[in-house]
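Spelled out from the first residue to the last, the chains are:
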Amino acid sequence: MDERLARFAVDRARALGAQYAEARIQRNLESEAILRNGNPEPAVIGDALGIGIRVLVNGSLAFSATNMLTEESVRSLVEGAIKRAKSAAKFTKQKIGFSNEKSHQAKWSAPEKKNIENVGIEDLARVLKELDNSIKNGKNGVEFPNRLFFLRTMLVERIYVNSDGANLRGRVPRLQFHSYISAKHSGKTSTVTIPAGYAQLGESGGWEVLDRFDLFEYVPKTAEELADVVKAEKKPPTETVDVILGPEVSGLVSHESCGHPGEADRILGREGAQAGESYLKSNDIGYKIGSEQAFVSDDPTLPNSMGFYLYDEEGVPARKRALISKGIISSFLHNRESAHDLNTSSNASARSVRYDREPIVRMANTYIEPGDYTFEGMVKDVKLGVYIKSFMEWNIDDKRLNQRYVGLESYLIEKGEVKHHVKDPILEITTPKLYGSLDARGNDLKFMGATCGKGDPMQGIPVWTGGPHVRLRNIRVAAR
Amino acid sequence: MDAKEIVNLVLKEAKRFKVDDAASIASTSHEDMIRFSNNSITIVKSLSNTVVYIYVATEKKRMLGETSNPTSEGIAQFVESLVKSCRANPPSEDYTPLPKGPFRYSGAPNYDKKIEENPDLLIGLAGEAIDNAISAGAKRVAGSLTAYADELTIASTGGVEAREKGTTILLNVRAFADSNASGHGLSCASSLADFDAKGAGRTAGEYAKKALNPSALPEGKYDVIMSPSVAADIFQHVGWAASAFSVESGYSFLADLLGKKIAVEKLSIDDVGLLQRGLGGRSFDDEGVPTGRTSIINKGELKNYLHNTTTARKFSSKTTGNAGLIDPHPWNLEVAAGNSSVEEMIKSVKYGVFVTNNWYTRFQDPRSGAYSTVPRDAAFLIENGAIKNPISSIRISDSIPRQLGSVAAIGKERKWVKWWEVSVPQPYPIIYAKKSRQMPAISVSAAG
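First to last, the sequence lines map onto chains Z and D.
If you're matching positions, the first sequence starts at 47 in our numbering and goes up one per residue.
If you're matching positions, the second sequence starts at 102 in our numbering and goes up one per residue.
No wet-lab data here; the hints were simulated from the structure.
In this text, all values refer to a predicted model and were calculated from it rather than measured experimentally.
A hint or two may mislead.
Claimed, not checked - Result set (DSBU-like, lysine-lysine): computed pairs, CA atoms no more than 35 Å apart in a straight line: (1) K215(D) <-> K129(Z); (2) K445(Z) <-> K492(Z); (3) K266(D) <-> K419(D); (4) K267(Z) <-> K230(Z); (5) K334(Z) <-> K310(D); (6) K516(D) <-> K362(D); (7) K489(D) <-> K445(Z); (8) K461(Z) <-> K492(Z); (9) K141(Z) <-> K311(D); (10) K419(D) <-> K175(Z).
All chains should be built: construct the whole structure from the sequences, respecting the hints.
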């Protein structure tokens with residue numbers, strides 16, 4: 047990766063009249079092993095390297111990208127971007143600007159003990175074979191006739207320069223695991239994912255992450271739990287009850303109904319035609335959305351996190367953002383464009399998944415802050431309730447107000463004790479009701495890996511969703 | 102190097118390592134996009150990429166690669182590394198040799214030079230969409246307009262050689278009459294002649310205006326009329342579930358149903374490789390096999406799964422020209438037109454809803470097909486054969502196998518659909534799913 051080419055792009059854009067220019071040379075290296083029903087599928091290696099530039103000309107913004115990394119190609123790329131920005135300027139009724147930010151020069155990387163580039167396909171394949179062996183004979187009288195495992199290494203390296211003087215070089219290695227498992231019991235087959243909810247185990251770091259996943263313990267144990275889940279037939283109570291959400295569910299809640307609506311580009315309408323807008327308005331900082339127990343944050347700097355970075359894709363240093371504090375909306379997620387529009391500063395939320403995708407406002411690692419409760423302490427005070435430990439189906443409207451989570455591993459709670467499994471409890475609830483009913487947070491914060499979708503063209507970006515067990519009081523639960 | 106030289110170099114390098122099979126596709130693409138919101142352009146994008154996809158197999162070991170470095174040196178290094186990884190990969194019982202060509206390909210590509218060479222045209226078209234949405238009643242308009250052109254070149258050790266160009270132009274426009282009233286408009290085409298920016302803007306604006314002052318809807322089971330966008334979003338899952346890979350992986354609701362009646366008589370769905378005046382599509386698949394027309398559902402009966410040569414061998418069937426070297430997938434889903442107009446459908450509904458757009462379709466159990474989805478933009482209550490008032494904040498919950506059996510009417514006019522939520526292009530009619538004594542209708546609910 048040649049930094050001179052990025053500098054050349056920025057200088058050329060400035061010479062051609064850009065009021066602001068940036069260039070990012072980015073390489074995404076991936077390798078993935080896939081094992082299906084004990085048989086290897088073709089393994090996959092990907093190497094995407096190219097340059098993306100953004101130029102701001104007369105308040106009009108253009109983004110261009112190519113994988114042809116020659117000076118001639120980059121010159122043409124810059125000239126095309128400037129021309130397009132100028133053409134669009136007359137239809138850009140709301141002039142675009144970027145907030146003023148201090149420029150930084152740094153080299154940074156996610157901590158990595160065992161270099162991810164040294165991991166071969168054979169290493170990934172060996173892990174998956176052992177996992178398959180651990181569950182292929184079924185558990186507790188339940189067969190697993192279909193088993194599809196994925197294990198993937200990812201490495202992102204980027205050089206970033208802009209016309210304000212930023213010069214950054216970053217590196218993030220990652221490891222990611224997910225699977226589909228069919229469970230057959232009494233002639234009926236159900237298919238779920240491990241982890242549940244189409245989630246992943248995902249962390250930044252080198253091959254040492256495999257030890258932290260503890261897959262050889264995690265997968266058989268989860269499959270065993272699944273074997274009990276598929277036998278469940280009893281329906282959940284459908285009156286108003288208390289609900290305890292497991293960390294996998296509370297993490298998703300924080301992402302969907304706090305992180306997304308807090309993205310300032312959605313609030314400003316920029317994603318209106320695709321990912322949607324927000325129930326929050328631009329003057330809603332200070333708005334009370336939940337109980338005093340509602341605390342949600344996003345922090346790109348969390349060690350080992352899937353959404354780890356130290357500088358965002360506009361060169362702004364990463365920091366923790368408190369999104370909801372004591373039930374009050376306390377900040378939005380901003381890039382330099384949205385920060386300029388709302389007369390504030392960026393809090394380093396600009397991310398891009400590849401060289402050919404524009405940096406837009408994204409979450410990194412969004413989570414409900416832990417509290418003091420033990421799980422047992424939380425259950426003890428529940429007369430009648432449902433414990434939704436994990437989920438599969440979920441969705442939310444495009445303002446992030448009306449959401450639904452359908453439990454997978456779920457239990458009845460009666461007189462302060464967790465009882466039998468219940469099948470598919472449905473939590474369909476508005477965002478203020480959800481955060482307004484939150485009265486207890488566990489001390490057991492946990493994170494899951496996920497790929498968050500946004501942007502056009504679509505950008506699936508690695509994130510963590512996190513939370514502890516949380517308790518919601520007086521909630522209506524439904525059954526399918 | 103041009104694309105033909107790239108794929109030939111890949112094969113030459115792969116043969117140097119004495120692999121049993123090799124195939125390569127070089128994709129050269131250019132995409133121009135305009136995004137707009139609040140009636141103003143937010144960004145213009147221009148993306149040019151040459152990507153080389155490579156498959157190698159040796160000793161029943163298989164490997165796929167993708168590189169964005171199409172130089173001679175880059176290709177040579179990447180192939181060497183790919184073959185090295187391939188040899189380290191365990192062998193697979195599923196290995197199947199690549200099909201032997203050469204093949205003859207039919208069908209004219211969907212290509213319009215005007216789309217490929219006219220990026221500035223997009224700015225004017227975006228303006229037309231915005232203006233028409235506002236004239237029809239919108240206050241704010243957002244959207245994206247994309248012109249995409251690519252050329253694919255394939256070669257394989259099976260003797261395959263082919264090349265084709267394609268273009269698409271896609272407009273997705275969303276109009277807001279206020280914060281609770283929005284409408285969606287689409288225009289998707291492979292040629293400028295079939296593209297209608299004004300119409301898409303006007304539709305979005307009209308729906309936004311009609312969606313003003315929505316009411317809540319009681320939870321319950323309703324007849325539902327789905328616009329082409331909604332029907333396409335739901336029924337694209339039929340295409341994916343028909344992939345033999347999905348069936349064998351256990352996450353298809355079409356597993357074990359081949360030859361069985363799974364839908365009403367009037368429902369037929371084909372996968373078509375290259376539809377004339379269609380969107381995208383290909384005359385050859387990733388193994389170089391000619392694509393064609395494959396009946397998935399014919400008059401309610403599940404006729405075929407979609408195959409590549411590997412899945413075909415395992416299912417004792419023939420490839421349907423739908424490779425994906427790992428998983429076969431649909432190209433274009435074509436639902437046979439019915440004989441109803443939307444007015445006739447509305448007239449026949451005593452108590453139901455008309456949904457114009459949706460998103461976020463998710464499955465509780467992909468094997469059973471139980472799902473829910475969130476209507477967005479204009480939706481309406483229908484009472485006694487007439488649209489009564491707009492409704493909002495609803496969710497549809499159903500299962501696709503159940504829904505296939507509840508289709509009561511299919512529109513006679515079809516509309517091409519492809520947008521953020523619908524990745525498989527489809528010429529789709531309006532679908533009317535009716536409740537009956539035998540078939541409880543679609544559940545509609547709202548958050549508490």
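Here is what the structure says about each hint:
Restraint check: the Cα-Cα separation between K215(D) and K129(Z) comes to about 19 Å, which is no more than 35 Å; the hinted pair holds. For the given pair, K445(Z) sits about 27 Å from K492(Z) by alpha-carbon distance, which is consistent with the 35 Å threshold. For the proposed pair K266(D) and K419(D), the alpha carbon gap of about 27 Å is at most 35 Å, so the pair holds. Taken as a hint, the K267(Z) and K230(Z) pair is honoured in the structure, with Cα atoms around 17 Å apart against an allowance of 35 Å.
At roughly 31 Å between alpha-carbon atoms, K334(Z) and K310(D) fall within 35 Å of each other, so this suggested pair holds. Between the alpha carbons of K516(D) and K362(D) the distance comes to roughly 27 Å, so the proposed pair stays at or under 35 Å and holds. Of the supplied pair hints, the one linking K489(D) and K445(Z) holds, its CA atoms being roughly 25 Å apart against a limit of 35 Å. Restraint check: the Cα-Cα separation between K461(Z) and K492(Z) comes to about 27 Å, which is no more than 35 Å; the hinted pair holds.
At roughly 31 Å between alpha-carbon atoms, K141(Z) and K311(D) fall within 35 Å of each other, so this suggested pair holds. Of the pairs offered as hints, the one joining K419(D) and K175(Z) holds, with about 30 Å between alpha carbons and a cut-off of 35 Å not exceeded.
Every hint from the earlier list agrees with this structure, and none is contradicted.
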